[in-house]
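A.B. asks: Chains as they are written, first to last, in our numbering: chain A, 50 to 632; chain B, 8 to 464.
Since the hints were derived computationally from the structure, they do not count as laboratory data.
Please read all numbers here as calculations on a predicted model, not as lab measurements.
Even glycine gets a Cβ: it sits at the ideal position worked out from N, Cα and C.
Accuracy of the hints is not assured; some may be wrong.
Distance ranges between label pairs, derived from CB positions [as the list claims (entries may be wrong)]: (1) E419/A x Y147/B: 49 to 55 Å; (2) R269/A x R437/B: 55 to 61 Å; (3) I362/B x T399/A: 57 to 63 Å; (4) G565/A x L158/B: 34 to 40 Å; (5) E419/A x A53/B: 16 to 22 Å; (6) L158/B x E419/A: 37 to 43 Å; (7) V231/A x R437/B: 54 to 60 Å; (8) G330/B x P478/A: 35 to 41 Å; (9) L158/B x R269/A: 40 to 46 Å; (10) E419/A x G330/B: 49 to 55 Å.
Here are a few chain B residues that face chain A, going by a calculated C-beta distance under 10 Å [to be verified]: (11) L158; (12) W159; (13) V255; (14) L342; (15) L399; (16) P405.
Residues per chain, in single letters:
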Amino acid sequence: MADLILPDRHFLESWGDSSPRAGVVALRQPAMQPVPHFDGKQTGDVLLSVASRSGSPLGAVTFYEYLRGRHRAAHRPASGDFEAAWHRMLKRGVSEVPEDRDAGGPLRAFERGALTFDAPMLDGDGDFTLLVHPSPRFGAGEFSNSPWMQELPDPVSKITWHSWVEMHPDAAESRGIREGDVVTVSSPHGSVDVPVWLYPGIREDAVALAMGGGHADFGRWGSDRGVNAMDLLPAVVEQPSGAFVTLATTVSVTPTGRRRRLATTEGSDDQHDRPIAPAVALAELGHVAREEEGAHGELQELQGVGGFVPVPAEGGAPEAFPLEGSRHGQYAEPEGLARWAMAVDLDKCTGCSACVTACQAENNVPWVGEDQVMMGREMHWVRIERYYEHVDASHASHLDVRFLPMICQHCGNAPCEPVCPVFATYHTPEGVNAQIYNRCVGTRYCANNCPYKVRVYNWYRYTDENVPEPMNWQWNPDVTVRENGVMEKCSFCMQRIRDAENRSVLEGRGKIPADGEIVPACQQSCPAEAIVFGNIRDPNSRIARVVDGERTYRVLDELINTQPAVSYLKKVTFHEVVSGGHE
Amino acid sequence: MATATTTERGALAHPDVHQLGDVNRDVLKILGRPGKGWWMLFLVAAAGVGLFFGSWGWQLYEGIGVSGLNSPVGWGVYITTFVFWVGIAHSGTLISAILFLFRAPWRQSIYRAAEAMTVFAVMTAGLFPLIHVGRLWHAYWLIPYPNSRFLWPNFKSPLVWDVFAVTTYFTVSAVFFYLGTIPDIAAARDAATGLRKKLYSVISLGWRGTDRQWHHFGKAYIFLAALATPLVLSVHSVVSWDFAMAIVPGWHATIFAPYFVAGAIFSGVAMVITLTVPLRKIFGLEAYLTTKHFDAMAKLCLLTSLIVLYAYLSEFFLAWYSGEEIERTAFWNRLFGDYWWATWTMLTCNGLVPIMLWFRRVRLSIPALFVISIFINIGMWFERYVIVVTSLHHEFEPWAWGIYRPSLTEMGIMIGSFCWFGFWFLLFTRLLPPVAIAELKEVLPPPLRKQTKEARA
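The shape of chain B in the complex, shown without the other chains (with noise of 0.2 Å):
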């Protein structure tokens, strides 16, 4: 079992790979028989899935009233979750493509994991916008496309701008993240036999590894990782539009866009860390998984988290120095009415708990920062509620105000979104190399290298 000591900070030492080829062995281990702690969780998130959709199949039946909405509140916990689910695919996006394209060293043992939650993230997040809407079985008229009655999307209206983005970010994530697994799929079909063999043999598109196909491979990546860093920012800007383009009081702000890009991320990279650490530790990967990985994650929680801090500090200190009684009320209200304490959630998880980042033992430690990530989920989570909810149930007629209680139909949806994103993620950990094996090689530290031209000999 490799397990990984830290000598000094940020140095690796790998006292049981002794060789490159020790890294195959490592990481195609995960893809063998399945433990116990696996199976209970699979069973668990394939559960969950049975929630999700019998949830949804009930409230396809019975109508959208089984959710708890109504009027004023029109959008609550799915479109929360929705936002939430976008948000946390931006991370992976960034650490694969910009953080490549800015050659960052420490990306190369969590990228894969952070690409395979990106798209399996925005999977769970496409799924809501058909959720919610009233009359699921007409939800494709928001596609444009050619029709008899010459009826097409209305272009200015965000939620169509939603749609392409959320289906371009999906296809251009999906891409990438195959096209960086092909060499491991590769690998893994040298290792496998049988069934696997068979499957990893077609999906590895006959890769060899000549320095041919590496060469157009790294084309091909860099092309892709250029392509996609645009839509990190993009996306998240396009769903921050559902709301800033609105004229509610507490949505309507050109602060939006790039308040929701630094939320996404922080969020992102938050969620990140919670599937690494139980990753790690289950398949025995701390080798490759090391505190200095997690150092730079968490330095990258605590930069989002400032930037974030500062949008809602300012969202308030606008509302008051804009003198509109409206928007001051809105805000007021975010903070000490109805929903104050979604509100002082939101600030305590994603304002408060972060500033224990700033020391370097929590950094390094990693069961802290597995606690923390969980704050950071749950704060955004409720982000998300405070923007959807506490906007909407107080706006500018007062006699139209209302309150809105998620229905137990809605919290099985949410809690099953979870379990469904869990559920490809399982999956994912077992039929694809979730380390990536070829670029770990490329930074191993020298005498590793040595060592293995050395056993070559």
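So here's chain A without its partners, still in its complex pose (with noise of 0.2 Å):
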């Protein structure tokens, strides 16, 4: 336990450098006044002061001195005078250095053979083995103390700011639980009082809990949400490696009686062989058949009576959409402009979350809290969805997880933007579904009209009331902060476009940014890379080569005729496809 707590300060009101890859250094400088309120010293600081008091100095009084010393030191006579370089380098912000790669190697040669590992012990009698884990959002409980973690949720069970304890459904059943009962788990180390949420890919043996809640003492957000798997456990620690085992107890699970809703974000985990999330087997793949032209016959037969073009709902780089004929006066598109598109490659989504928050951060979204997301009230504005699928009708538990990242799909023939009735939300040349924030009277007939309900609403002043002085220094600058009955939604983070527009016309590179120079957060975040984003216009753009591909599909829009300018890549499976596959 700590007997001191110091604030320290920020990266925008420190000195420091990093190596962001290798053979690039890249160096910080303080861009704002510290934040008056903590009266804060950064740790470089701190430690050289501790140092110098405690008679060991490190040469330097400030971390500044530090830094600067430890850079000449790095400098090298041939890059010419020290001074000029620096000035440099605090210009461009990085600079390249020539990197040694072999310089570091094993810290420790390994020999085979040499670890042994004994087969896990568990205690008591009870009828499940317990299996602790690491929760994605919270590590094991260092991050708790983030609303945005705890707003975050979890990539499969979909529940936030509590824990919950998994279980089968069967293993549930033959109990009498139900999700959402409050059940006791008692190990013979401990016991807890937590609700069950049911998981047909939990085995029927086991329950697992996610480390990272019951903090007692972890601040205004961590504290008292949820509870402590750790209580659970032995003090067992695994021998070479020094870790604490968390698989190490047998526990028995009994209701109390009471209820409690999950403060959950799933509405159905079915998609009613709806074409949201489909896959395809990887034994089809290069045998599919690219949607032909004609193969809507139907809605063809209607543009004679006035009716829409629908651009191929499968396959095909829809370059050229709105296809003529299909639009609604909505939006003249000027030649010269780019059209904005992305593309999510649902076979490398792992559904990890870090575009949700990636988002949040970058776009100013608020979290709720949890009375709200019990209301549906939850403001992302990216959404995973979470669908299973089975893979064998006969074994409901054989299951094929679907994830879709859920966002505003620019829809090219977007059904919010007629019914707004004060043009708060319009289509800009360059394809982007705008809205308007300071327009927004509020009616909420674009969200009720919205097919894929990626449209969110301020219902209170959660940007005040939720983000007290000083976290509201968090705020990214470039984007509005919203006011209550406001509607909000992805915006392809437009500020972003707008910045690389802007540079490309100084430097003279004319409107268009080059592929690639800009990136939305949930792009720039997505350890998968499975989003790509672009100009689809241009048919060299890498957005133009992914989505020219068997496996890309329009979600929904074979049905409604909404041309997104979101397209996904299907799912690729290694089972035969038996349900949710629409094709």
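Hints are included, so try docking the two chains, each in its own frame, into the full complex.
C.D. replies: Next up, the structure:
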């Protein structure tokens, strides 16, 4: 336990350097005055003064001097004068240095066979083996005091703000337990009361509990939320790694008779055979017939009587869309402009939800709290839908879990646009469905008419009440902070598009930035690189090439002709697709 | 006290109405000192108005989040109640304008109350779009007005059509109501004293009842009736397009305009029955509001009930017949989903209960009609609830399905709106003759006219 807690300075207030990748050194200098509330000192300065007071000075009084000294020491005379090089580096922010890749090497030679592991020893005689696992959101608990992490739906359970114990539906049914029942999970070492969440993907003889809950004293957002899985575990350390053993006990599960509503963002886990998250079997890949023109004969018949010209729902680069005849006067598409589009490869998406929080940070999306999530008012602009499909109809637990990151589809034929009484939502000439916050009256008609339900509404002054001073300093200055009564949704990170466009114009490269220059926050944070963004009118752009494939489809487009700018690439499965294939 | 006895179907007997002046006496008596019952009702209504504005104020202070609305259900009790009141407003104009043009004599004794109901119902309905928006202080942006930013409303949006429809309807029905009342205000002026006399003198616009005035009055009345008639059809059609123009399964249907108009008349006539039964009892108007009138209104209810029931059944049938899975799921969900109770309430109150109106004995029984009319009012509120909520909560994207639970604030505003309406209606019964004196005289049976002549002679 700490005796002293000191406030550190934010990266915008402090000096520092980093090496984002091999061969690049980045230098960081303060970009703002320190926030006055904390009267903080940056860690480096604290360490330097501690070292100085304790009689072993490190040769510098401030961290700035220390940093400069280190760079001076690393400076090579071949690069010229240090002062000039230092100023050059400050100006550019980065400096490229030749890296000696082989300098490191393994810390210790690994001897094959030197490690032996014991089989897990399980305490107690409970019915279930307890699986305790780090949370994808909280790690082992170190990120629990972040409202962003608390509000982020768990990638699989989709529960926010509280703990749950994962149980197989059959195991629960045989004990008369329903989802949402609060049960006592007890091991020989302790017990916790926690609500049940049913998951067909877990073994029937195991229950699972994530780490990260039940903090007793961890700040405003982390304390007294959920339960601490460690309460159930013995203090056993594994040798030789020295790690804490998490597979160490059995537990019994007894209902308490109480129930609670799970703060989940899940509506239905079944896509009801709708063309939302289809998949394709690996064996079929390469044999999928491209959708031929005329496959939508029924819709094309309507053309003669003033109906739509549908975009081919499957495959085909939609660089030409909205197609001739499918415009409804919503917008003209002048030549020489980009049409922004996105593609998401569902085979790469692991559902990790990094994009959700990246978007939240970039776009000043507020968190709303547990009660509001239970009311269905979460405000994330990206929502990762998680559907179950059964691999084999005879085995309910043989699961194919489909993830679908759902954002505003920026429809070419957007249902939200004509219904807004005040033009608060409209189409830009670049094909983006824009939302003008300060024009919005808040009738919510657009959200009602959005088939993807990606529009979120400020029911309260979340941005004021949930984000007290000084947390409001975290707002992105490039993005408006919205007031209550206003609709909002994904903007394709319009501020980044504008920034790149302006830079391109200033540098004389024309209005459309280079391919790959615009990176929305979700794409930037996606570890699997499942998201591609760009100008789909440019046939050489990465987005145009990615979309031009047999796995491409657009959600619900074949049913309601919304002509989305977001394309998805079907998940590829090893097994035969028995349901939810849609083809 | 005048009492009516029904000798045979539809025939009136007025044992205590001996001459035309007795009509003035019986109607203007209502404007006298209010009784205990009126004060009780008025206090309840006034308290309800407090609840209404208190709840609304609370919502303005805290944010629209105090409602139970969420994603995906962005419209709930507020829009339900809005459509309910717009619907109620319809039968007033139907009775006063359309039945006037068709020369249906039974309208005379109820049309004043029905018209007042229309005006107050539109006044109530018109508040709900303001209540349900997130930023009330910007709601005027829906009105096209010249401004320095050259910004106009989006004329493609049905909500903008709504603004025009509701304001037009309010203007026309208020003018029509006022115009028709002028001769009666003059009658009240002649009988009143003091402050009331001054007030009536001003608002009766110098009415003397000369032939020339009657001639102009008749012309103006028939023009306004002709002007108001298309509004009966258009206003609720426009309201229905708020839904039909959207792509939501359960909303997007071409049947909506006639379906809503029939439903509006259905609910409106039921509300006229609900209001006139106590009016008749409290103010002793049995001689003028007879079972003949109620029989006619019951028949109108029965007809519109059949149209509405047909619309329900055709919606379910077409959802099945379309073969469109999402549409089918929406209607299956309507019957057997989370909101099954609302749908079955609607079907019972609007489809089953009015079947009793086929029986003449029921139509001639005023207590039975009163109870049935209450059922219809409830059923028609639930019809709108079913359309708004069950359609929204199960839409295209299964992951986004959700449940909406109305909050206490919403219920407060909804219940308060009935009190707001009742508040104005009660004031109306004290301040303006609630039964049309002049027109009643026109339809009194011939012997009565003869007696009047004899009495004069």
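A.B. asks: Give me the numbers of the hints this structure contradicts, sorted from smallest to largest.
C.D. replies: Structure breaks hints 1, 5, 10 and 14.
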